[in-house]
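S.K.: Sequence:
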Amino acid sequence: MRKQDIRTYTFSDDDRLFFDANIWLYIYGPLLSQQDVKFSSTYARALQKIRNAQSHLFIDALVLSEFINTYARLEYRQRFANTYPTFKRFRKSPDFKSVAQDIANNAKRIVRLCKRCDLPLLSLMDILDEYAQGTADYNDQLIAEICLANDFILVTHDADFSQFNHLNLLTANQRLLNAP
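Residue numbering for the sequence shown follows full-length UniProt numbering, starting at 1 and increasing by one per position.
If you are wondering where the hints come from, they were derived from the structure by calculation, not from laboratory data.
Since this is a predicted model, take the numbers as computed values, not measurements.
Keep in mind that the hints are not guaranteed to be accurate.
Lysine to any residue pairs mimicking SDA-like chemistry, simulated, CA-CA at most 25 Å apart [stated by the list, open to error]:
#1 Lys97 x Ala72
#2 Lys92 x Pro30
#3 Lys49 x Leu124
#4 Lys108 x Arg91
Computed beta-carbon distance windows for the label pairs [unchecked claim]:
#5 Arg116 x Tyr138: 13 to 23 Å
#6 Thr8 x Leu32: 20 to 30 Å
#7 Tyr131 x Arg79: 25 to 35 Å
#8 Thr86 x Arg116: 30 to 40 Å
#9 Thr10 x Thr86: 40 to 50 Å
#10 Asp95 x Arg116: 25 to 35 Å
Idealized CB from N, CA, C, for every residue including glycine.
All chains, please: the whole structure from these sequences, using the hints.
M.R.: Here it is, written out as structure tokens:
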């Protein structure tokens, strides 16, 4: 398996899965469009199948951090941008407290579903050399290395991962599925 549609994949108790932050956002984050609702149900159904199959879910601090920070910025843009001129002001406001509580509650749900994995001893110099070529996002490179080092299947909706041909991927993103 290299790339496979998550909607037709049969999960097993041998699967070791690593969700990218965008998947957690579809499942537990704020939904911004009808398209988000569609993918939210797709990935929520997949999560249920994963749990039923007793597959193994993993997370690290990097993905959790991306989930938390992106969620907060989405909430700001969607609900508070007209009230606070900057995200930093919003973060220091009383309105942020309830948003932060919601985010923390959802992050705790994720952590309870997953086993923690730490960044393996990566060759950061090699990753930085690759990053210097300007062809990949640094966090995406780290996630790819984590998945390779731990034999994880990456579940993502990010089409940028099409350039990582050596990864096993599950997605509902047609652009990613159709990429060479």
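S.K.: Against the earlier hints, flag every one the structure doesn't satisfy and list their numbers going up.
M.R.: 3
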